[in-house]
Amino acid sequence: MHGGCSETTYDHQMAFLTLAADLNDKHDILSSLIAANLARHTSAKLQEFVSAIKYHTTKLPDLACAWDNKLWMLWEVRICYDSSTLEIIDCPTNLQYGSST
2 MHGGCSETTY
12 DHQMAFLTLA
22 ADLNDKHDIL
32 SSLIAANLAR
42 HTSAKLQEFV
52 SAIKYHTTKL
62 PDLACAWDNK
72 LWMLWEVRIC
82 YDSSTLEIID
92 CPTNLQYGSS
102 T
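In the working numbering, the protein residues as written are 2 to 102.
Bear in mind the hints are in silico, worked out from the structure with no lab data behind them.
Just so it is clear, CB atoms sit at the ideal spot from N, CA and C, and this is done for glycine as well.
Treat the hints with caution; some may be incorrect.
[Said to hold, decoys possible] Label pairs and their calculated CB-CB ranges: (1) T59 x I35: 10 to 20 Å; (2) K46 x A16: 36 to 46 Å; (3) N70 x H13: 34 to 44 Å; (4) W68 x M15: 34 to 44 Å; (5) H13 x A45: 17 to 27 Å; (6) A16 x T43: 29 to 39 Å; (7) M74 x N25: 13 to 23 Å; (8) L18 x W76: 20 to 30 Å; (9) W76 x A21: 26 to 36 Å; (10) L47 x N25: 33 to 43 Å.
Given these sequences and hints, build the entire structure.
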């Protein structure tokens, strides 16, 4: 959770970081990827990651990829939330390619 939309919602960083940690624990995206056999060092199509996360959350994530040493790697999984209800929503975009790492 990067908090780009939270600057006006939370009066200090600790409130935001506590919320981010709680949401991370609640939704545990890493466990959903492991359950779908998409753990580290796994070669998979991007759509497999999207499907595993959508199965777990029922919403589309935003994925960021980075080029590293002759291959694309999943760099970041972003889950989008409604700022007033904190319910997961479909992310406006669901793929970004970054530069080389």
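We went through each hint and held it up to the structure:
1. T59 x I35: 10 to 20 Å: Given range 10 to 20 Å: holds, Cβ gap about 19 Å.
2. K46 x A16: 36 to 46 Å: Since K46 and A16 have Cβ atoms about 38 Å apart, the given range 36 to 46 Å holds.
3. N70 x H13: 34 to 44 Å: 40 Å, holds
4. W68 x M15: 34 to 44 Å: 35 Å, holds
5. H13 x A45: 17 to 27 Å: At roughly 39 Å between Cβ atoms, A45 and H13 fall outside 17 to 27 Å, so the hint is violated.
6. A16 x T43: 29 to 39 Å: 36 Å, holds
7. M74 x N25: 13 to 23 Å: Check passed, 21 Å falls within 13 to 23 Å.
8. L18 x W76: 20 to 30 Å: 21 Å, holds
9. W76 x A21: 26 to 36 Å: 18 Å, violated
10. L47 x N25: 33 to 43 Å: Hint violated: Cβ distance 22 Å, outside 33 to 43 Å.
The structure shown violates the earlier hints numbered 5, 9 and 10.
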